[in-house]
Structure formats: structure tokens, C-alpha cells
Amino acid sequence: MIGFAYGVSTLGDLRNAGWLHGLKLAAVAVVAQAVLGMGRSLCPDRPRLTIAALSAAFLLIMTGALPQIGVLVAGGLVGWLLYGHSAASSSPVTETRFRDHLMAGTILLLFLLLLILLPILAASTGIKDIAVFDSFYRAGSLVFGGGHVVLPLLRAEVVPNGWVSDNAFLAGYGAAQAVPGPLFTFAGYLGAVMEPGQHAWLRGVWCLLAIFLPAWLLIGGALPFWQLFRTKAWAQAVLAGANAAVAGILLAAFFNPVWSEGVKNPRDIAAAVIAFALLHWWKLPPWLLVLLAACAGQWLLG
1 MIGFAYGVST LGDLRNAGWL HGLKLAAVAV VAQAVLGMGR SLCPDRPRLT IAALSAAFLL
61 IMTGALPQIG VLVAGGLVGW LLYGHSAASS SPVTETRFRD HLMAGTILLL FLLLLILLPI
121 LAASTGIKDI AVFDSFYRAG SLVFGGGHVV LPLLRAEVVP NGWVSDNAFL AGYGAAQAVP
181 GPLFTFAGYL GAVMEPGQHA WLRGVWCLLA IFLPAWLLIG GALPFWQLFR TKAWAQAVLA
241 GANAAVAGIL LAAFFNPVWS EGVKNPRDIA AAVIAFALLH WWKLPPWLLV LLAACAGQWL
301 LG
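Numbered by the UniProt record's numbering, the letters in the sequence shown go through residues 1 to 302 in order.
Hints are not guaranteed to be accurate.
To be verified - Distance windows between CB atoms, simulated:
1) G18 - G105: 21 to 31 Å
2) S124 - W216: 25 to 35 Å
3) L228 - G18: 51 to 61 Å
Everything labelled a hint here was simulated from the structure, so no lab data went into it.
In this text, a Cβ means the ideal position worked out from N, Cα and C, and glycines have one as well.
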């Protein structure tokens, strides 16, 4: 992805690039499939479908990182109110030693301190590297329920700040579908493309470290408590509501920016429908869909 960023940076103005429009339409199909799958798994009943729909509607009106955090918190609260009195899981609880709990608590404290102090440090110093690390760390901290949720979280951090244009963002997101591994690697592309040049890869590595660090800390900090936590009815209820809100966040991102930036006319709608059919029903590998979409876009519009 960092190598792709170098290629994008050398092309200059991307607004009329046919291959870019093809990647945008591929992203429409990929995110539509992700929304459908997430809706089925995370919203199996009407209350959770309602949470998702209201979350999406709110975020289509109120954009930015803070409204997304608010939606997650509200979804968890509504989930607790609706499902908090259901029966707890009967899974056995594995005993852990006090030393394990102490170490895990220390790691979780470090996670929270970074989440709180990084934005303060970024605002007080005005150093771009710290601000970038803070943005990617926060995005990595909030991603759960599916890798595609990273799309709205990262866009809310990098596009409004003027670090990356919407065109470059969606070009990288479309290309990321063709790369094996977690979608978090998209952060490497964003870091490299936001500051083109010989040493752009350093910013890419910096962003990769920032977005993966929360996951590493949470795994090390939460694992000793997870067996106990997942047996609690209130915890299951909070997660059910928050996961429904996650589906709503991705649904909002599907409409803006994926659909609004990618679909401009009836021909685009037809192309997006065909791409979705190939991906969802004919099980075309995402990497092949991305390649075909980019080539078709360049051939028809380039």
C-alpha cells in the first residue's frame, strides 16, 4: 500500500482519472456487501436494526469523529437498556492469577492514557507528527465489529484536516481490497500519500504503528478479563447495542463518501450493480474485481 501511495503521488491531479473512478465503483460494491453482511450478523432483530438505522441517519447529518464516538456510546447504552436483563452466558470462567490481572490493568491504563493525552499533546504542541499519530491511534481504538468500519473512522480524521483528499482516500481504499491481510494496512497508504516525497514511507510506517498499537494494547490488557467479562449479561447487552451502531456507522459511510463520490450518473449505477453481483453472488475475488474495475474505468473514461 505504501508503494501504491508513491504511484498515486506521481500522477498529480486525480479528479479525471478513469482508473480512479473504477476503483470508486469497486469500493461501492465492496462496502455494500460489507453493510449487508454486517447487518445480518449484528442486527438480527428489529431493535438492533432500528439502532443501526438511527445511527446512520444521525451520522449523515452530523459528520466527524466525535459524532461517531457518541453513536457508539449511545448504541451501547440502548443495548444495555433493551437487553441488560437477559440471561448471562453459561460459559465456564477461567481463573487468572493476580499478577496477570495487575499486568493487564497496567496495559489497559497505558491504552487509556494514550487515548486521553495524545489529543492534548497534539493541540498544545502543534506538531503534525503527533497529531497524525493521535488521529490514527484514535481510529484504531474505535474499530470493532468489522474491518470495514475503519473507512468512516479514518476519513473523519484525515479528510477534514486536509491531509488527504477524498479522491486519494477512495483510491487507496479501493486498492486496499486487492491486498491480502487486514484493512488496517490502508493506514500505511494514507501516511505515505499525505506527505509525498522520498521519505513518505516513514510517515506510512508511523501511521501503521499508530493504528495497530491500540489493538496490541487491548489484546494484552483485556484478555485476562475477557472470560469473566463475556459472561455478564450487561456486557453482552452493551456489545449488542454498540455492534448495531457500528453497522449504522458503516451504512452512513456507504452513502457518504462511497456512494456520493463514486456514483454520478445512471451508467455508474449500472456498473456498481454489476460489480456487486460479481462480488456477492458470483463470488469474484475482491482483488480481481478491483483490477477489472480499474481497467474498465481507464478504458471507458481514461
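Taking the hints in turn, this is what the structure says about them:
1. Between G18 and G105 the CB atoms are about 54 Å apart, so this pair departs from the stated range of 21 to 31 Å.
2. Separated by about 26 Å at the C-beta atoms, S124 and W216 satisfy the suggested range of 25 to 35 Å.
3. Our hint of 51 to 61 Å for L228 and G18 holds, since their Cβ atoms are close to 55 Å apart.
Hint check: a violation occurs at hint 1 only; the rest are consistent with the structure.
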